[in-house]
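**Student:** Sequence:
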Amino acid sequence: RDSPVSRAHSRWSLAGTALSALLLLGLVLQIGFMVDDAFITFRYARNWAEWPFPVFNSFELRPENGHVEGYSNFLWTRLLAYGHGLMGLDLVSATPKIQMGIAVATVILVGRGAAQLGLGPVGRVAAPLVLATSAPFVAWSSGGMETGLFTALLAMLFLEGLRPMPRNVPLGIAAVLVTLVRVEGIAWVIGTLLALGLGRRLAGAALDRYPRRLLSAALAAALALGLHLFYRHAIYGEWLPNTVAAKTGADRPEAMARGLRYLGSWALITLTPIAALVCAMPALLKGDQRRKAAALSALGVVTGFAVYSCVVGGDWMPFFRFLAPVAPVLAILVALGLDRLKLPLGLGAAALIAAVQPLALFDVHVAPKATLESLRFRSFATGYKTEAQRIDAARTNLAYFETLGHALAAGTTSDDVLAFGAIGSPGWYAKGLDFLDRNGLVTPEVARRPLDAGGDGRGTPGHEKRVPHAWFLDHGVPAARYLFATFSPGHFNLRDPRVLAALKDRMRSDPKLRNPAEQPLFGRTILKAVPITEGPAAGNTLLLLERASPESAAAYWRR
21 RDSPVSRAHS RWSLAGTALS ALLLLGLVLQ IGFMVDDAFI TFRYARNWAE WPFPVFNSFE
81 LRPENGHVEG YSNFLWTRLL AYGHGLMGLD LVSATPKIQM GIAVATVILV GRGAAQLGLG
141 PVGRVAAPLV LATSAPFVAW SSGGMETGLF TALLAMLFLE GLRPMPRNVP LGIAAVLVTL
201 VRVEGIAWVI GTLLALGLGR RLAGAALDRY PRRLLSAALA AALALGLHLF YRHAIYGEWL
261 PNTVAAKTGA DRPEAMARGL RYLGSWALIT LTPIAALVCA MPALLKGDQR RKAAALSALG
321 VVTGFAVYSC VVGGDWMPFF RFLAPVAPVL AILVALGLDR LKLPLGLGAA ALIAAVQPLA
381 LFDVHVAPKA TLESLRFRSF ATGYKTEAQR IDAARTNLAY FETLGHALAA GTTSDDVLAF
441 GAIGSPGWYA KGLDFLDRNG LVTPEVARRP LDAGGDGRGT PGHEKRVPHA WFLDHGVPAA
501 RYLFATFSPG HFNLRDPRVL AALKDRMRSD PKLRNPAEQP LFGRTILKAV PITEGPAAGN
561 TLLLLERASP ESAAAYWRR
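In my numbering, each number is its position in the sequence shown, counted from 1, plus 20.
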């Protein structure tokens, strides 16, 4: 039978995990948002369930056109495709609920991991509590992306590897799933397993059959990767997704500098890595071999995430999406350190960390604003925005693009092709419309261009290869019929020359078209205005720049 101490510790684990799960749900419900990029995955998932191949555009189904893998989250897309196809889920409304469920499961997993490490009451409460209030973890427990699933699977791999003797089947399954959830998943499997093995060795703990268990998990992941590569090549004719080409190739010194600013912002805004580094010292100096091994392994994984973020130059999305998956590892590291403190002091320190971490979600910061601005790693024309302001911007953008998507669905036909940048929610709501992507995610001609070929997105992570709308006047297969799209409230009498002139002036002055590289549009397109009378976008007018001959276009814009 369990000892009284063991039963007391179990009660602390249960109470800490339950409290943490409730806090997490409250924060997610308060902060939850959706990024437009998630709708790219939604459209792929829907098409995968309804079409023979997982492609974004209907023209990719024709024999003369190749298939394009414009997503980098195979397992997440596959799961959503099953949800839509087999269960009839509406992905827009169901995904946030799925993500919250995954987040709660991750908190429970970390709470159990703290217990398996033999931590006392402080550590068992601190681990789930620190995770549940970590700003990146909270933020990416919504958003629509695969980040929450990746976080849960990586935590499963790490915590299983911390056992004195990991179980072959769970460790192998976790390694396989991490490999499949992200295109670079195999790197995280190898890095995590190396960190676990090195941490155990540096701590002086007995190895026995431990390296063999890690090696078997690595081999399982390698086999899964091999099968996935052959599947990808059979479907898409490529060994890597098109997204890799679209989002890589930035100038190395610039990317590294941007990545360092990304890391600095992450530390000063979220404060979790600072707390983890402080707590690592007592864990390393006073812990037994198992706890030292856990702390060293955690530091190894955190170092891997830091190096990766520097190499790729960070990410433009709110609250450090590339670093969010390390939150469970940081929580374990904090718990290892705080567990060395006496109960009242340790719980007080955990409560303080839990109170301070989520402040950034509400745009409250400990670091001075000037310092945070100096670490700006995005170069959007709107200027510096805090992470909370970036979430607000995501909500505003999504509302605009959702309405635009409904307008495009009502105002275009299934044979039309539009050149556009934010293809997510417009692509989801305008189901029958095909897209050429300014950012290159689903358009290889853009993704495979060299950076010095005239892109206008240089300096912002993931947008270095963005091309102007006008680039598609002479590029893109099939040729785009429409080169730009927006909408305006109300309906207009286009027979009135003054109204038509005002609309033309509006297009010329649109912020997205002020770039000199966009000026060729006004010599090779004409304005098409489509009043929307039905559906969610009713009461608006869809404005499109439609391809035309140079002669007719020149005469049109002169009038």
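These aren't lab readings, by the way, just hints derived from the structure by calculation. Don't take each hint at face value.
Label pairs and their calculated CB-CB ranges [to be verified]: (1) 82 - 183: 24 to 34 Å; (2) 136 - 554: 25 to 35 Å; (3) 413 - 529: 18 to 28 Å; (4) 276 - 554: 43 to 53 Å; (5) 102 - 579: 50 to 60 Å; (6) 260 - 365: 31 to 41 Å; (7) 384 - 183: 34 to 44 Å; (8) 495 - 409: 49 to 59 Å; (9) 102 - 525: 24 to 34 Å; (10) 384 - 570: 24 to 34 Å; (11) 516 - 570: 20 to 30 Å; (12) 251 - 46: 21 to 31 Å; (13) 249 - 224: 37 to 47 Å; (14) 555 - 243: 41 to 51 Å.
Note that the Cβ used here is the ideal one computed from N, Cα and C, for glycine as well.
**Student:** State, for the Cβ atoms of residue 495 and residue 409, whether the hinted interval 49 to 59 Å holds or is violated.
**Tutor:** With a Cβ separation near 35 Å, residue 495 and residue 409 fall outside 49 to 59 Å, so the hint is violated.
**Student:** Check the following: the C-beta atoms of residue 555 and residue 243 are separated by a distance inside 41 to 51 Å.
**Tutor:** Cβ of residue 555 to Cβ of residue 243: about 48 Å, so the range 41 to 51 Å holds.
**Student:** Do the Cβ positions of residue 102 and residue 525 conform to the proposed distance bound of 24 to 34 Å?
**Tutor:** 49 Å Cβ-Cβ, so the 24 to 34 Å window is violated.
**Student:** Lying within 21 to 31 Å: is that true of the beta-carbon distance residue 251 to residue 46?
**Tutor:** Hint violated: Cβ distance 41 Å, outside 21 to 31 Å.
**Student:** The hint says 31 to 41 Å between residue 260 and residue 365; measuring C-beta to C-beta, is that right?
**Tutor:** Since residue 260 and residue 365 have Cβ atoms about 50 Å apart, the given range 31 to 41 Å is violated.
**Student:** Starting from the range 24 to 34 Å, see whether the pair residue 384 and residue 570 falls in it by beta-carbon distance.
**Tutor:** violated, 55 Å
**Student:** Does 43 to 53 Å hold as the CB distance between residue 276 and residue 554, or does it fail?
**Tutor:** holds, 52 Å
**Student:** Verify the CB-CB distance for residue 82 and residue 183 against the hinted window 24 to 34 Å.
**Tutor:** violated, 52 Å
**Student:** For the range 34 to 44 Å, tell me whether the beta carbons of residue 384 and residue 183 fit it or not.
**Tutor:** Cβ of residue 384 to Cβ of residue 183: about 39 Å, so the range 34 to 44 Å holds.
**Student:** Is 20 to 30 Å respected by the C-beta to C-beta distance linking residue 516 and residue 570?
**Tutor:** holds, 27 Å
**Student:** Could you say whether the range 50 to 60 Å given as a hint is met by the Cβ separation of residue 102 and residue 579?
**Tutor:** Hint holds: Cβ distance 54 Å, inside 50 to 60 Å.
**Student:** Between residue 249 and residue 224, is the Cβ distance one that fits in 37 to 47 Å?
**Tutor:** The hint (37 to 47 Å, Cβ to Cβ) holds, given that residue 249 and residue 224 are roughly 39 Å apart.
Hint compliance for this structure: hints 1, 2, 6, 8, 9, 10, 12 are broken, all remaining hints hold.
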